[in-house]
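A.B. asks: Read off the chains here:
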Amino acid sequence: MSQIQLAKEERIGFKSPITMASIGVFVIIFFGVLGREGETVFEISRRADLIQLPSISIGSSSLGWVSGILLLLIAGYSLSSSLKNRKTPLWVSVLYGAIGVIALLGWLAAGNQVPLTFIIGTSLVLAVPIVLGAMGGLMCERVGVTNIAIEAQLLAGAFMAAVVSSITDNFFLGLISAMIGGALVSLVLAVFAIKYLAQQIIVGVVLNVLVIGITSFLFQQWLTQDAENVNFPGTLDIIKIPFLSDIPVIGPVIFENRITVFVALIFVPTLYFILFRTKLGLRARAVGEHPLAADTVGINVGRTRFWWVTMGGMSAGLGGAALTIGNAGAFGREMAGGFGFIALAVVILGRWHPISAALAALLFGFSIILRVWANQVSPGIPTDFIIMVPYVVTVIAVVAFVGQSRPPKALAIPYTKG
Amino acid sequence: MKLELRGITKRFGTLVANDAIDLVVEPGEIHALLGENGAGKSTLMNVLYGLYDPDEGEVLLDDKPQSFDGPGDAMEAGIGMVHQHFMLIPVFTVAENVALGQEPTKALGALDIAEAKKRVEDISERFGFNVDPDALVEDLPVGVQQRVEIIKALSRDARVLVLDEPTAVLTPQETDELMEIMRQLASSGTSIVFITHKLREVKAVANKITVIRLGKVVGTAKPDASTSELASMMVGREVGLTVEKSSKQVGDVVLSVENLAVLDDRGQRAVNGVSFDVRAGEILAVAGVQGNGQTELAEAIMGLRSALTGFGKITIKGSDMTGSSVRQVLESGVGYIPEDRTSDGVVGAFTIAENMMINSSYTSRFTKGVNINFSARRKIADELVKEFDVRTPSAETLAGKLSGGNQQKVVVARELSRDVDLLIASQPTRGVDVGSIEFIHERIVIERDKGKAVVLVSTELDEVLALADRIAVMYRGKIVDIVSPETSREQLGKLMAGVAA
Numbered sequence: 001m002s003q004i005q006l007a008k009e010e011r012i013g014f015k016s017p018i019t020m021a022s023i024g025v026f027v028i029i030f031f032g033v034l035g036r037e038g039e040t041v042f043e044i045s046r047r048a049d050l051i052q053l054p055s056i057s058i059g060s061s062s063l064g065w066v067s068g069i070l071l072l073l074i075a076g077y078s079l080s081s082s083l084k085n086r087k088t089p090l091w092v093s094v095l096y097g098a099i100g101v102i103a104l105l106g107w108l109a110a111g112n113q114v115p116l117t118f119i120i121g122t123s124l125v126l127a128v129p130i131v132l133g134a135m136g137g138l139m140c141e142r143v144g145v146t147n148i149a150i151e152a153q154l155l156a157g158a159f160m161a162a163v164v165s166s167i168t169d170n171f172f173l174g175l176i177s178a179m180i181g182g183a184l185v186s187l188v189l190a191v192f193a194i195k196y197l198a199q200q201i202i203v204g205v206v207l208n209v210l211v212i213g214i215t216s217f218l219f220q221q222w223l224t225q226d227a228e229n230v231n232f233p234g235t236l237d238i239i240k241i242p243f244l245s246d247i248p249v250i251g252p253v254i255f256e257n258r259i260t261v262f263v264a265l266i267f268v269p270t271l272y273f274i275l276f277r278t279k280l281g282l283r284a285r286a287v288g289e290h291p292l293a294a295d296t297v298g299i300n301v302g303r304t305r306f307w308w309v310t311m312g313g314m315s316a317g318l319g320g321a322a323l324t325i326g327n328a329g330a331f332g333r334e335m336a337g338g339f340g341f342i343a344l345a346v347v348i349l350g351r352w353h354p355i356s357a358a359l360a361a362l363l364f365g366f367s368i369i370l371r372v373w374a375n376q377v378s379p380g381i382p383t384d385f386i387i388m389v390p391y392v393v394t395v396i397a398v399v400a401f402v403g404q405s406r407p408p409k410a411l412a413i414p415y416t417k418g
Numbered sequence: 419m420k421l422e423l424r425g426i427t428k429r430f431g432t433l434v435a436n437d438a439i440d441l442v443v444e445p446g447e448i449h450a451l452l453g454e455n456g457a458g459k460s461t462l463m464n465v466l467y468g469l470y471d472p473d474e475g476e477v478l479l480d481d482k483p484q485s486f487d488g489p490g491d492a493m494e495a496g497i498g499m500v501h502q503h504f505m506l507i508p509v510f511t512v513a514e515n516v517a518l519g520q521e522p523t524k525a526l527g528a529l530d531i532a533e534a535k536k537r538v539e540d541i542s543e544r545f546g547f548n549v550d551p552d553a554l555v556e557d558l559p560v561g562v563q564q565r566v567e568i569i570k571a572l573s574r575d576a577r578v579l580v581l582d583e584p585t586a587v588l589t590p591q592e593t594d595e596l597m598e599i600m601r602q603l604a605s606s607g608t609s610i611v612f613i614t615h616k617l618r619e620v621k622a623v624a625n626k627i628t629v630i631r632l633g634k635v636v637g638t639a640k641p642d643a644s645t646s647e648l649a650s651m652m653v654g655r656e657v658g659l660t661v662e663k664s665s666k667q668v669g670d671v672v673l674s675v676e677n678l679a680v681l682d683d684r685g686q687r688a689v690n691g692v693s694f695d696v697r698a699g700e701i702l703a704v705a706g707v708q709g710n711g712q713t714e715l716a717e718a719i720m721g722l723r724s725a726l727t728g729f730g731k732i733t734i735k736g737s738d739m740t741g742s743s744v745r746q747v748l749e750s751g752v753g754y755i756p757e758d759r760t761s762d763g764v765v766g767a768f769t770i771a772e773n774m775m776i777n778s779s780y781t782s783r784f785t786k787g788v789n790i791n792f793s794a795r796r797k798i799a800d801e802l803v804k805e806f807d808v809r810t811p812s813a814e815t816l817a818g819k820l821s822g823g824n825q826q827k828v829v830v831a832r833e834l835s836r837d838v839d840l841l842i843a844s845q846p847t848r849g850v851d852v853g854s855i856e857f858i859h860e861r862i863v864i865e866r867d868k869g870k871a872v873v874l875v876s877t878e879l880d881e882v883l884a885l886a887d888r889i890a891v892m893y894r895g896k897i898v899d900i901v902s903p904e905t906s907r908e909q910l911g912k913l914m915a916g917v918a919a
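Each protein sequence line maps, in turn, to chains A and B. The numbers in my numbering rise by one with no breaks, and the one at position 212 of the first sequence is 212. The numbers in my numbering rise by one with no breaks, and the one at position 383 of the second sequence is 801.
No false leads were slipped in.
Per the computed footprint, the stretches of chain B lying under chain A, defined by three or more beta-carbons under 8 Å from a beta-carbon of chain A, are: (1) 487 to 499; (2) 515 to 529; (3) 674 to 688.
Listing some non-contacts, in silico: residues in chain A with all C-beta distances to chain B over 12 Å: (4) PRO54; (5) GLY59; (6) SER61; (7) ILE69; (8) ARG86; (9) TRP91; (10) PRO115; (11) LEU173; (12) LYS195; (13) ILE202; (14) GLY213; (15) SER245; (16) GLU334; (17) LEU359; (18) VAL372.
FYI, nobody ran anything at the bench for these hints, they're computed from the structure. Note that the coordinates shown come from a computational prediction; the quantities given were computed from them, not determined experimentally. C-beta atoms are modelled at their ideal positions from N, C-alpha and C, and glycine is treated no differently.
Based on the sequences and whatever the hints tell you, model everything.
C.D. replies: Structure, rendered in structure tokens:
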């Protein structure tokens, strides 16, 4: 092609290689040169596992060196891509992230063990409310309704699951009512956004405040007074899938979990299939992109939006159940603690795509467990620093790798006709 | 299928958009609905399509009264519509767009994409449309997007096809192809309603013509009626279709653009290496089909859109203005009539007087120190309203309350009353009534005769031919050629399709 030279604005730029190289240098200096003494032991199998794999032991500072050099090599690859005006492929970035995480773990746990299965498994469990919340948000946004009330839906779900499970002593009813709780919050959003054409952000904010208020009030006036009868549900049983749960690492992480985790694991690919491979999804996306066009081919825009928003609420409500009966075992005041807002960010970070969003949610799950675990293995490292790391990584990831994302065109625009 | 509209009336508040309209379209007939912008053509078709409920009157298909609850019903009954603004989803493929609403499915509700593609291919082959079912709609040129719309209608067995201003976005050659398609469809028994305000096309393709003005049917005509007869029916009086113009007296170069390149909102090169000069006392028309970089070119000259760094140069009156702010450009003596008057031209919620001073709010005849000089503003605004014939109760009326033509006169008044040497006029008469068009054209010619340089960006070939001293034809971000206004329409059409002379 006789393409004349490209202008600055048209080039891919060197953001990725520069970021990658600087982190690589950082890893070599702080984890390698100035690294900590001692061996780090990566435990691959738990003691209870059927198949035992040997642990891997490596000097903390040598791991810093090795991973730093690997990171620099990847940065070099990224640089060569940029020079050819190509984007760094996603799998390269993912590989880069994985090596970075291992380097960080190795440094933190110098002279200690890194229980890999535990860390990955707990990340997944902690990510479930975020994943389900994000799927809920995604379902709303794909049809063009902004949902910033995910926090409210999580809380409503968490509350309903705890209370109904305690009173009826039946987890199944608890899960169902969590979904109804989330759906009720969505219903308000749907009615105001679709029928009364209200400003969706404002409705969302109001819903968040309202549900925080109601649940906190009921928690104080009712749940704490009579905790034994109404807020003592316990947690769902852990289901072990025969044979599959014996596979090293993957088994305990994926096939030995509570029903809420399984639901999330199945729901993400299902939602992907529905959105991108079925008639329902095609229509939903059409409504979110160009509602008038959808209307002119006979798709009922209001109804489509109503159902997707309501179903989205059910997903987020189930995410709430994962907080109480899927993890903590009781409801606590404002226990969603910002997960709903993280889910909101995850939707954008995942570019409105179920699978990328789920991966982004996993990153946040990991950041939570990292904070807890790092405190135990290296009390010497300032906690503030460790808390910061995942968020710094996220910001870098967004700036350097995600780039411009394209939301549904009709997002937050009420649809009216004639 | 025979289509009949009886006594259709549609009101929006106090405005009567359609007033007891009757229309009969016989099977296999191409029926042109002719009228100015704002005459009520699109409202009528939206009633027919079930998007609006009529206040009175009824729609009959094959003599049976119909009641449509929405476009779905209308489609079911056999009415297909190709809207002026395409009803296509840009991020979907052609096959997905055609399938939407009546998707072929396999088990589990999964889309049968192969079947959807086959539908597109079948119709595309039958009429020689040459459309790739896998292409993303946003990547297709507008002419092809329009064919996708027609395929969409045909795949739903439309037997009445409504085309709403279909030629606005097409080159003359694409227009000819579309007319051929229309004839072909009509001969296979489809009834066609062809909405337009372009007389030439009506005469070329229609079997029967219904003219509407201000929401009422003012008469019907045969295609052999003369152009001026049709025009006076459409406007309600005799119109001068040409502009009086003396020969040009050119002076120095005012605007010089060299190798300019500009990106559009999607990061693609909309303007790619454009160079031209405009001298004092001449009108350079930038012609071309909409979306070939004209908008971005005008915005780049104004500083509204940055030019690609390291490339071209914009020189105004000898000083380099590349990368200057909009204010610097305005203050160097440039007037700008933007393409979209409602979003860029006037602030609807401001009064006419406020709109008049909106780009001279720093130190100007409207100000006294840091304050607005209200008495001066009132006086200037009143004078301008009178001089530019803005039909309004007073200069304190909100600009949003004016009709399109009067809003545009406010913009023209604001820009021409400033002391400018260069006028950039982008689509200055789009959506404006014929009376205002004549007025605006005259004012532009007066500016040129006063020795100002004018860049006229227009997609209307008639306007270009009436005003231009030189015509630069743009295609895909490049200037194909700069020609004289004596060039034939056919030759210009070829240039607009990218065929260099």
